[in-house]
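Engineer: Start from the sequences, fold in the hints, and give me the full structure.
Residue numbers (this note's numbering), protein chains in the order written: chain H, 205 to 520; chain D, 205 to 520; chain A, 205 to 520; chain X, 205 to 520; chain E, 205 to 520; chain F, 205 to 520.
Treat the hints as calculated values from the structure; they're not laboratory data. Hints may contain errors.
Since copy identity is lost for identical chains, a pair holds within one copy or between any two.
Here are the computed lysine to any residue pairs in the SDA-like style, where the Cα-Cα straight-line distance is at most 20 Å [said to hold, decoys possible]: (1) K282 x T208; (2) K282 x C517; (3) K282 x V391; (4) K282 x D424; (5) K372 x E359; (6) K282 x R392; (7) K282 x P305.
Protein chains: 6
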Amino acid sequence: MNHTFAYLSAGGFLGLPITPDAPSSSESGKPFAVAGVTWDCSVTNRPGSRLGPGAIRQASRMLCDATHPLFDTSPLDKLVDLGDLLLPNTSLESMRAALMPQVSALLDRHEMVWLGGDHSITLPLLRAYRAHFGQPLACIHFDAHCDTWTDHFGEPSGHGTWVYEAFKEGLVIPEAFVQVGIRSSGVREAREFVNDQGGRIYTARELRGRDGAGLQDVIDEVRARLAQNGNPPVYLSFDIDVFDPAFAPGTGTPEPGGLTTAQAMTLLEGWHDLNWVGMDLVEVAPPYDHAELTSNAASTMIWTWLCGRLAACAST
Amino acid sequence: MNHTFAYLSAGGFLGLPITPDAPSSSESGKPFAVAGVTWDCSVTNRPGSRLGPGAIRQASRMLCDATHPLFDTSPLDKLVDLGDLLLPNTSLESMRAALMPQVSALLDRHEMVWLGGDHSITLPLLRAYRAHFGQPLACIHFDAHCDTWTDHFGEPSGHGTWVYEAFKEGLVIPEAFVQVGIRSSGVREAREFVNDQGGRIYTARELRGRDGAGLQDVIDEVRARLAQNGNPPVYLSFDIDVFDPAFAPGTGTPEPGGLTTAQAMTLLEGWHDLNWVGMDLVEVAPPYDHAELTSNAASTMIWTWLCGRLAACAST
Amino acid sequence: MNHTFAYLSAGGFLGLPITPDAPSSSESGKPFAVAGVTWDCSVTNRPGSRLGPGAIRQASRMLCDATHPLFDTSPLDKLVDLGDLLLPNTSLESMRAALMPQVSALLDRHEMVWLGGDHSITLPLLRAYRAHFGQPLACIHFDAHCDTWTDHFGEPSGHGTWVYEAFKEGLVIPEAFVQVGIRSSGVREAREFVNDQGGRIYTARELRGRDGAGLQDVIDEVRARLAQNGNPPVYLSFDIDVFDPAFAPGTGTPEPGGLTTAQAMTLLEGWHDLNWVGMDLVEVAPPYDHAELTSNAASTMIWTWLCGRLAACAST
Amino acid sequence: MNHTFAYLSAGGFLGLPITPDAPSSSESGKPFAVAGVTWDCSVTNRPGSRLGPGAIRQASRMLCDATHPLFDTSPLDKLVDLGDLLLPNTSLESMRAALMPQVSALLDRHEMVWLGGDHSITLPLLRAYRAHFGQPLACIHFDAHCDTWTDHFGEPSGHGTWVYEAFKEGLVIPEAFVQVGIRSSGVREAREFVNDQGGRIYTARELRGRDGAGLQDVIDEVRARLAQNGNPPVYLSFDIDVFDPAFAPGTGTPEPGGLTTAQAMTLLEGWHDLNWVGMDLVEVAPPYDHAELTSNAASTMIWTWLCGRLAACAST
Amino acid sequence: MNHTFAYLSAGGFLGLPITPDAPSSSESGKPFAVAGVTWDCSVTNRPGSRLGPGAIRQASRMLCDATHPLFDTSPLDKLVDLGDLLLPNTSLESMRAALMPQVSALLDRHEMVWLGGDHSITLPLLRAYRAHFGQPLACIHFDAHCDTWTDHFGEPSGHGTWVYEAFKEGLVIPEAFVQVGIRSSGVREAREFVNDQGGRIYTARELRGRDGAGLQDVIDEVRARLAQNGNPPVYLSFDIDVFDPAFAPGTGTPEPGGLTTAQAMTLLEGWHDLNWVGMDLVEVAPPYDHAELTSNAASTMIWTWLCGRLAACAST
Amino acid sequence: MNHTFAYLSAGGFLGLPITPDAPSSSESGKPFAVAGVTWDCSVTNRPGSRLGPGAIRQASRMLCDATHPLFDTSPLDKLVDLGDLLLPNTSLESMRAALMPQVSALLDRHEMVWLGGDHSITLPLLRAYRAHFGQPLACIHFDAHCDTWTDHFGEPSGHGTWVYEAFKEGLVIPEAFVQVGIRSSGVREAREFVNDQGGRIYTARELRGRDGAGLQDVIDEVRARLAQNGNPPVYLSFDIDVFDPAFAPGTGTPEPGGLTTAQAMTLLEGWHDLNWVGMDLVEVAPPYDHAELTSNAASTMIWTWLCGRLAACAST
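Structural biologist: Quick look at the structure:
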C-alpha cells in the first residue's frame with residue numbers, strides 16, 4: 205500500500221509544515237518537536253483520540269504568531285512538527301513495540317511534545333525516557349483518573365493502568381510523582397496509590413474554587429517537593445479529561461467537577477521553569493468535541509508549556 | 205398494545221438491571237431505589253426531559269464500580285432500579301393521578317431517587333411524601349428558577365408553579381425551605397416568595413466565585429436552619445438547570461450565570477448527613493445535550509447524594 | 205402573565221409579518237393564511253414539534269420571492285401569517301377544547317395551512333372542517349405511519365389514533381381517503397385499516413424507485429378516485445416523517461425506506477388542482493434536525509401546495 | 205474488577221431483556237438470538253462502532269410490536285438477546301481468540317444475528333460457521349468496500365481484508381459469494397477479486413436508480429446462482445456503509461453514491477427465503493450519527509431479515 | 205428585488221415586534237432601541253456572526269417578562285427593536301459607508317444597543333458617536349483579543365484593528381479606555397497598546413478565580429478612572445469571545461481561559477450606573493453554537509446592561 | 205504579520221503536500237493542480253464556504269490510493285496541490301482584483317481544479333479563462349440556483365449573479381451553456397434566462413427518478429450540443445447545492461428536491477471525455493456539514509472528474 209491511515213494529521217502544529225525528517229535540534233537550532241501517536245484502542249468507553257493529533261494541530265492555527273502574553277516568547281522558530289508516527293493499529297502490544305525505537309531515536313534529537321492518542325501511550329514513552337536519561341523521572345500528571353488500575357478489564361495494560369505500571373517498573377520517582385485533578389470513582393487502593401507510594405495527589409476537590417493567588421501554595425509545594433528530590437528530569441503527562449467536561453467535552457471518559465482551563469494555565473505558568481524534559485497531551489477525542497472546544501484547550505496547554513520552556517531557557 | 209413508549213429507559217442506573225418488581229428494602233437489604241418519571245409536557249420552552257431518565261442511566265455507567273472518592277462508599281449493593289413508571293403521557297392531570305398511587309406504594313418499600321421528567325413531577329411527589337410522613341417536609345431546592353409562578357400561562361399548574369403550590373398546600377415547612385442557585389428573571393413577588401414565607405434563597409449571585417472553603421458558611425447556615433426547625437425529613441429537588449448552561453446545556457430553560465458542578469458537589473458533600481428522605485433530579489433534556497455533558501452531571505449528583513447517604517447511615 | 209411560551213414563532217412564513225388580527229380573505233384579498241399549533245405532547249417517542257412552526261417559518265425565508273418554478277405563482281401577495289394559536293400546553297383534551305373555536309373562526313376567514321405540532325392536532329382540525337363544510341371530507345395523508353391505532357398506550361387519543369378516530373366519527377369519506385408512504389411496523393388490522401374501509405394505501409414499498417413519469421399512474425388513480433366520489437373537499441395532512449429520515453431527520457418517529465422530497469413534490473404538483481380546502485404539516489421536531497434539512501423540506505412542501513393552489517385558482 | 209466496559213449495551217433488541225444465559229432455541233422455542241461484538245480497533249479512519257450494538261438496540265425500540273408490513277411476522281416471540289460478548293479490547297488477535305469459542309457455543313444454540321463492531325469481526329465468525337457446518341458458505345456481502353486488501357497497512361488483518369482472507373482460507377464458496385453496493389477507490393486486483401474468483405459483484409454503479417421492479421433481475425440472478433451451487437448455507441454480512449452517507453452518516457469510511465435504505469429492503473425482501481444461516485451488521489459508528497439515522501437503518505435491516513426468515517420458515 | 209437576505213432577524217428582542225420606523229424616544233417614551241448589523245466578512249477564522257442578531261433575539265425570548273432580579277426593572281416598556289439595518293454585504297468599505305448615516309440618524313432618536321456582526325462594525329459606530337457627542341468617548345471593552353493590530357492581513361481594517369484605529373482617529377479617550385479579559389497570543393506592542401497609551405487592561409489572567417466580592421476592586425478602580433477623566437460618555441463594546449469557550453462556543457476565534465458569564469454579570473452590575481451612552485455585542489456566531497449557549501449568554505448581557513441603565517436612570 | 209488566516213487549508217488534496225511553488229505541468233509531468241479560493245462573503249444566507257477547501261481536502265484522504273473503479277486511473281501522480289491563494293478577505297472587488305493575476309499565471313502552468321469558496325469566485329475565473337483561451341467557453345453548470353440575478357440585493361455582483369454577468373460579458377457561448385439541477389424559486393426571467401439565451405436547462409424536476417440508463421439521453425444530448433458548437437473548451441462549475449440537502453447539508457442555500465450523488469456521478473462519468481479545461485467546486489460550508497457528508501461528496505466529484513480526465517487523455 206502506498207497510502208496511510210486517513211486519520212493521520214494533515215498539517216502541522218501552529219501551521220508549521222510536517223517534516224518527518226527534520227534535522228536534529230543541534231543541527232537545526234530547533235530544540236522542540238511535536239509528534240503524534242494516533243492510537244485509541246485502549247479506552248474503556250468512547251474512542252476517537254486517534255483523531256486527536258490532527259484536531260489539536262488544526263486548532264493550534266488560531267494561535268496566530270503564537271507569542272505568549274505572559275512569557276513573551278513564541279515557539280515558531282524553535283519547533284518542528286514531525287507528523288504522526290507510523291504504527292500498527294490493531295494491537296496495543298504491537299503498537300508499543302513499534303513505538304519504542306521511534307521514540308528513542310527522537311529523544312536523541314529533540315525535546316518532544318507527544319500528541320495522543322489515549323493514555324496507554326504514556327507507558328512506552330516513560331520507558332524510553334527512563335532509558336534515555338538512565339534514571340527514573342519526576343512526573344506531573346494532570347488527569348481526572350488516577351490510572352492506577354492493576355489490570356484493564358482482564359488484560360494486563362490499558363489506558364487506566366500506566367501509573368501503576370510505571371511505579372512497578374521503576375520508571376518514575378515515587379516521591380516526585382504528582383497528580384492534579386483526580387476525581388473519578390474507584391476503590392481506595394487505586395485512588396490513594398500515589399499518596400501511598402510517597403507521591404502527592406491534588407484532587408479536584410482540593411482545588412475547587414482556587415485560581416490565581418489561590419493556587420500559589422500548590423505551585424510552591426510542588427516546586428519544593430521536586431527540589432527535595434534533587435530536581436530530577438520532570439515529565440508532564442496531561443490528560444485532557446482533567447478539565448471539567450464543560451471545557452473539554454471531546455474526550456472518552458469525562459468526569460464532572462474538573463479543572464477550568466484557567467486553573468491549568470495558572471499551574472503550568474507557575475511551574476514553567478521546572479526541569480522539564482518532555483510532555484504528552486492525551487485523550488482528545490474529536491468526535492465528541494464541539495466547536496473545537498477541546499482541541500483548542502489542548503493546543504493552548506501545549507503552547508503554554510512550550511512558551512514557558514522557552515522563557516525558562518532564555519533566562520538561564 | 206403489548207409494547208411501551210420508545211423513550212423508556214433500556215438499562216438501569218450504574219449498570220444495574222431494571223427490576224420493576226424488586227423486593228422491598230427490608231426484604232432485600234437494598235434500601236435505595238431509582239425510578240423514572242418520563243413526563244416533559246409542562247415545560248415552557250424546550251421539551252425533551254422525557255428522555256432524561258434513559259440518558260442519566262446511560263451516563264451513570266461511566267461511574268465504573270461507583271465507589272465515591274470522598275465517602276468511600278458505593279451504592280451498587282444497596283440500590284435497585286425499578287425502571288420508569290408507566291404513566292399516561294398526554295395530560296398532566298392524568299399523569300399525576302396515575303403517578304400518586306405508584307409513588308405511595310414505592311415510598312413504603314424504598315428510599316427513592318426520582319429521575320425526571322420536568323419539574324411538574326415534584327408536586328405530586330411532595331404530596332405523597334407529605335402523606336407518607338404525616339408531616340410537611342424540609343426541602344433543599346437547586347434551581348435557576350424559583351418555580352413560584354401562581355399559574356402556568358393560564359393553566360393552574362406547570363413546571364414553574366410547584367413551589368408556590370407546595371407552600372399553599374402545606375406540603376413543606378416554610379422556614380425549612382431552602383433555594384440554591386436562583387437567578388432567572390421575574391417579578392419581585394415570585395422571586396422573593398420563599399424568603400417572604402420565611403425560607404432562605406441563596407441566589408446564584410450570592411454564590412458567585414465561592415467554592416471549597418468559601419461555601420462552608422452556606423453549608424453551616426442551612427444545617428443550623430434545619431436544626432432550628434427540628435431536623436424534619438428533608439427532600440432534595442435538584443433541577444439540572446441550576447448549573448450554568450456551560451455545564452448542563454441539555455435542559456429546557458437554561459440561564460447563564462449558574463453554578464459549576466463542583467459547587468453543587470461541595471454543597472451536597474457538606475450536607476450529606478442531613479435527615480434526607482428522598483430526592484428528584486429533573487429537567488435533563490437529552491436532545492439539547494452534547495457529549496453527555498448534562499446527563500453525566502446529573503448522574504454524578506445522584507451518585508454523590510447516594511454515597512453521602514450511605515456514609516451517613518454507616519456512621520450512625 | 206404578560207408573556208407567552210418562548211417557543212412560539214418569532215417571524216412569519218416567507219418573511220411575512222405575524223398578524224394575528226389580519227382581516228379576513230374577503231376583506232383583504234388574501235385568501236390563504238398560516239397558523240401554528242405548537243403542541244407536541246402526544247408523541248410516543250421524541251418530542252420537539254412544538255418548535256416546528258417557528259423552524260418552518262424560519263426555513264421558509266430561503267425561498268426569497270417565493271415564485272414557484274413550475275407554477276410561476278408566488279403566495280406572497282395572497283397570504284397572511286396569523287402566528288401561533290394560544291393554547292394550554294399540558295393536556296391534550298384542554299388543548300383541543302381551546303383549539304376548536306379558534307379553528308372554526310379562522311375557517312370562516314381563510315383557507316388555512318396549519319403548522320404542527322404533532323399529529324394529534326389533525327383530529328380536532330378535521331372535526332372543525334367537517335362542521336364547516338357540513339359534510340365529511342376527502343383526505344390525502346402523507347405519512348410513514350397509518351395512525352390507525354385504537355388507543356394511545358392506554359389513553360383514548362394520541363398522535364397515532366387520529367385516522368381511526370376520524371373514520372369512526374364520520375369526519376372523512378372512507379373511499380376518498382388516500383394514504384401515501386406508509387411503512388411502519390404494526391398489526392394487520394391497523395396497517396390495512398384504510399384499505400379495509402374502502403380507501404387506498406400507497407405504501408412506501410409500492411412507491412420505491414418511482415418518480416417523474418413513474419408516478420403518473422398514482423397521480424391519475426387518485427384523481428379518478430376523488431372524481432368517482434364527486435370531488436368532495438380535500439384535506440391534505442402531511443406528516444414530515446413520510447420522508448426517509450435522510451431527507452427529514454428532525455422528527456419524532458423516523459422510519460427508514462421513505463419518500464424523497466422529490467417524490468412528494470411530483471405528487472403535490474400532479475395533484476395541485478384537486479378540490480383542496482386546507483392542509484396541515486406536522487411532526488417537524490427541530491431538536492433532531494440538522495442544518496434545517498427538515499424544516500426546509502417542510503416549508504418547501506407548503507410553498508408547493510400554496511403555489512399549486514394559486515395556479516389552479518388562476519386557471520379557473 | 206466487578207464492572208465492565210461502559211460502552212456495552214444497556215437494553216436488548218426490540219426492547220427484549222438482555223439474557224446472556226438464555227436457554228437454547230430447542231429448549232426455549234426461540235430460534236433466533238442477537239449478540240454484540242463491541243470491537244472497533246481495526247478501522248482505517250473513524251472509530252466508534254464499539255458503540256454500535258448499543259445504538260442499534262436503542263433504535264430498534266421504535267419498531268413497536270415489530271410486526272413486519274410485508275411478512276406479517278414479528279420476531280418478538282422467537283428471539284432472545286444475549287447482550288454483548290465479553291472480549292479483550294486492545295488486540296485484534298486476542299479479541300478473535302476470545303471470540304471464537306463463544307461463537308461456536310452460540311451456533312449450537314441459536315441462529316445468530318451479530319451486531320458489530322467493525323468488519324474485522326466477520327473473519328472469525330466465518331471460521332466458526334465453516335467449522336459448525338463442516339463446509340464453506342455462500343455469502344451475500346453488502347458493502348461500499350470490497351474488503352479484499354491483502355494486508356492492513358502492513359498488518360496481516362484488519363477490517364478491509366476479511367474477504368480476501370475468507371477466500372484464501374476456504375471459508376466461502378467462491379461462486380456463491382455475492383457483493384452488493386461496492387464503489388470505493390482501489391486497484392483493479394482488489395476491486396475485481398470476487399469476480400475473478402468466480403463470484404459476482406453488483407457495484408453501486410450497476411444499481412443506480414433501480415428499485416422495486418427494477419431490482420427483480422438482480423434478485424433472480426442471485427437466487428439462480430445460489431441454486432446452481434446447491435443452495436448451500438448462506439451468510440449475510442451487512443456493512444452499513446453500503447448505504448449512501450445521506451442514509452447512514454454514522455460510519456467510519458463513508459462513500460458517496462451508495463444504496464438507499466429502500467433498495468436494500470427490496471433486496472432483503474426478495475431474498476428472504478434463501479437458505480440463510482446467520483448474519484452480521486457492522487460498522488455503525490454512533491459518534492458520527494445524527495438523530496439515530498444510522499442505527500435506525502441498521503435495526504430496520506436486521507428486523508427485515510428476521511421477519512423474512514420467520515415468514516420463510518412458516519411457509520415450509 | 206423585493207426581498208432581503210435570509211439571515212435577517214425574524215422577531216425582535218424580548219419578543220418585541222420589529223419596528224424599523226418606531227417613533228423616536230422623545231415621542232414614544234421608549235428611550236432604548238436595538239438594531240442589528242449583520243456583517244461578518246472581516247473575521248480571520250470562522251464566519252457566522254451575520255446570523256448573530258437573529259440568534260440573540262431568539263434566545264432573549266427565554267427572559268419571559270424580563271424583570272431583572274437585582275435591579276427589579278424590565279426594559280419591555282422602554283425599548284423598541286428596529287430590526288437589522290439594510291446594508292450591502294460584500295465589502296467592508298461599502299458596508300461602513302452605508303452604515304454611518306443610518307447610525308447617525310438613530311443616535312438622534314434612541315440610546316442604542318447594536319447587535320453584531322463581527323467586531324469591525326465598532327469602528328464606524330464609534331465614529332458616529334464621536335460626531336454625535338462632539339467629543340471622544342470613554343470605552344469599556346470586553347474581549348479575548350486586544351484588537352490593536354495595525355493591519356488586517358495586509359488590508360487596512362478588519363475585526364482586529366478597530367481599537368488601534370479608534371485611538372489613531374481620536375475617537376476615544378486613551379486614559380478612559382479599559383479592556384477586560386484580554387488573553388490571546390500576540391506581540392508586545394499589540395498586547396500592551398492600550399496600557400502604553402494610558403488606558404488599563406485587565407487581562408483574563410488578572411481576573412482568574414475572582415468573582416463576587418473578589419471583583420470589587422476592579423469595579424472601583426474603573427469607576428475611579430472614569431471619574432478622574434470627568435465621567436465622559438462611556439461606550440460598551442462587548443465581544444462574546446471574552447467568555448471562556450465553555451460558556452460561549454459559538455464565536456469565530458475562541459480563546460481558552462476566559463471569563464465566566466457570572467464574572468461579566470458582576471462587572472456589568474457593578475458598573476451599571478456609569479455614564480453609559482450605548483453598547484454593542486458582537487461576534488456571536490450561531491453556526492458554532494450549541495443549545496443556544498452563546499446567544500443566551502449574549503442576550504443576558506444585553507438585558508443586564510439595559511436593566512442596569514433603567515435602574516440608574518430611575519434613581520437619578 | 206508573519207502568519208495567515210486560520211481557515212486556510214492544512215494539508216493537500218488526496219494527502220498530497222501543499223506546494224504553492226510546484227513546477228509547471230510541463231516541467232513536472234503533473235498536468236493537474238488544485239488551488240483553494242477561501243472567500244464566502246457574497247452569500248445571501250449562511251456563510252462558511254471559506255472553510256470549504258480545507259474540509260474538501262481533509263475528506264479526500266478517505267479516497268486512499270485514489271484509483272477510480274470505473275476509469276482505473278488515479279490522479280496521485282498527475283496532480284499537485286498549490287494550497288489556498290492569498291487574498292484579501294473583506295471586499296469582493298479587492299478579492300477579485302487580487303485573484304485575477306494569480307489565476308492567469310496558474311492557467312499557464314496547470315489544468316486547474318478550483319476549490320471554493322462561494323459562487324462569486326467563478327466570474328473572475330471565467331474572465332481569466334476567456335482571456336487565456338482567447339475565446340468564450342462552453343460551460344456545464346451544476347446548481348440548485350440559476351445564478352442569473354441581475355443584482356445582488358442592490359450590489360452589482362454576488363454569488364447569484366455570475367451567470368448573468370458571464371453572458372453579458374461574453375465569457376461563455378450561450379448555446380453551449382448547460383445547467384443541471386436548477387430548482388429554486390425565482391421569477392421567470394431569471395429562471396429561464398439560459399434557455400432564453402439559447403442554452404439548455406435540465407431542471408431537477410426533469411431529472412427526478414432518472415439514473416443509470418435513465419440519464420443516457422441527457423448525456424447524449426449535451427455531447428451533441430457541444431459538438432454542434434464545435435467542441436469548444438468546456439468549463440465545469442459545480443455548486444454543491446445541486447445535491448439534495450440530504451446528500452449535502454453543509455451549504456449556504458440548500459434546496460430540497462435535488463440530485464443524488466449517484467446521479468451526478470453518472471453524468472460526470474458520461475461526460476468524462478468532453479473537451480474539459482478546468483473546473484470549480486463551490487459552496488461547501490463545513491459549519492453546516494455533518495460527519496463530512498458534504499465535503500466527502502465534494503471530494504468524490506472532483507476525483508471523479510480528474511480520473512475521467514486522465515482516462516480520456518490516456519485514450520487519445
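Engineer: When no copy is specified for K372 and E359, does a C-alpha distance of 20 Å or less occur within a copy, between copies, both, or neither?
Structural biologist: within (16 Å within a copy, 31 Å between copies)
Engineer: Regarding K282 and T208, is the shortest C-alpha distance of 20 Å or less found within a copy, between copies, in both, or in neither?
Structural biologist: Between copies only: 19 Å across, 28 Å inside.
Engineer: Measure nothing new, just compare the shortest in-copy and cross-copy C-alpha distances for K282 and C517 to 20 Å and report within, between, both or neither.
Structural biologist: within (12 Å within a copy, 46 Å between copies)
Engineer: At 20 Å max between alpha carbons, let me know whether K282 reaches R392 within a copy, between copies, both or neither.
Structural biologist: between (44 Å within a copy, 19 Å between copies)
Engineer: Regarding K282 and P305, is the shortest C-alpha distance of 20 Å or less found within a copy, between copies, in both, or in neither?
Structural biologist: Classified as neither; 24 Å inside a copy, 35 Å across copies.
Engineer: Is it within, between, both, or neither for K282 and V391, if the alpha carbons may be no more than 20 Å apart?
Structural biologist: This pair counts as between: shortest inter-copy Cα distance 17 Å, intra-copy 44 Å.
Engineer: State whether the alpha carbon distance between K282 and D424 is at most 20 Å within one copy, between copies, both, or neither.
Structural biologist: neither (29 Å within a copy, 43 Å between copies)
Hints 4 and 7 from the list above are not met by this structure, while the remaining hints are.
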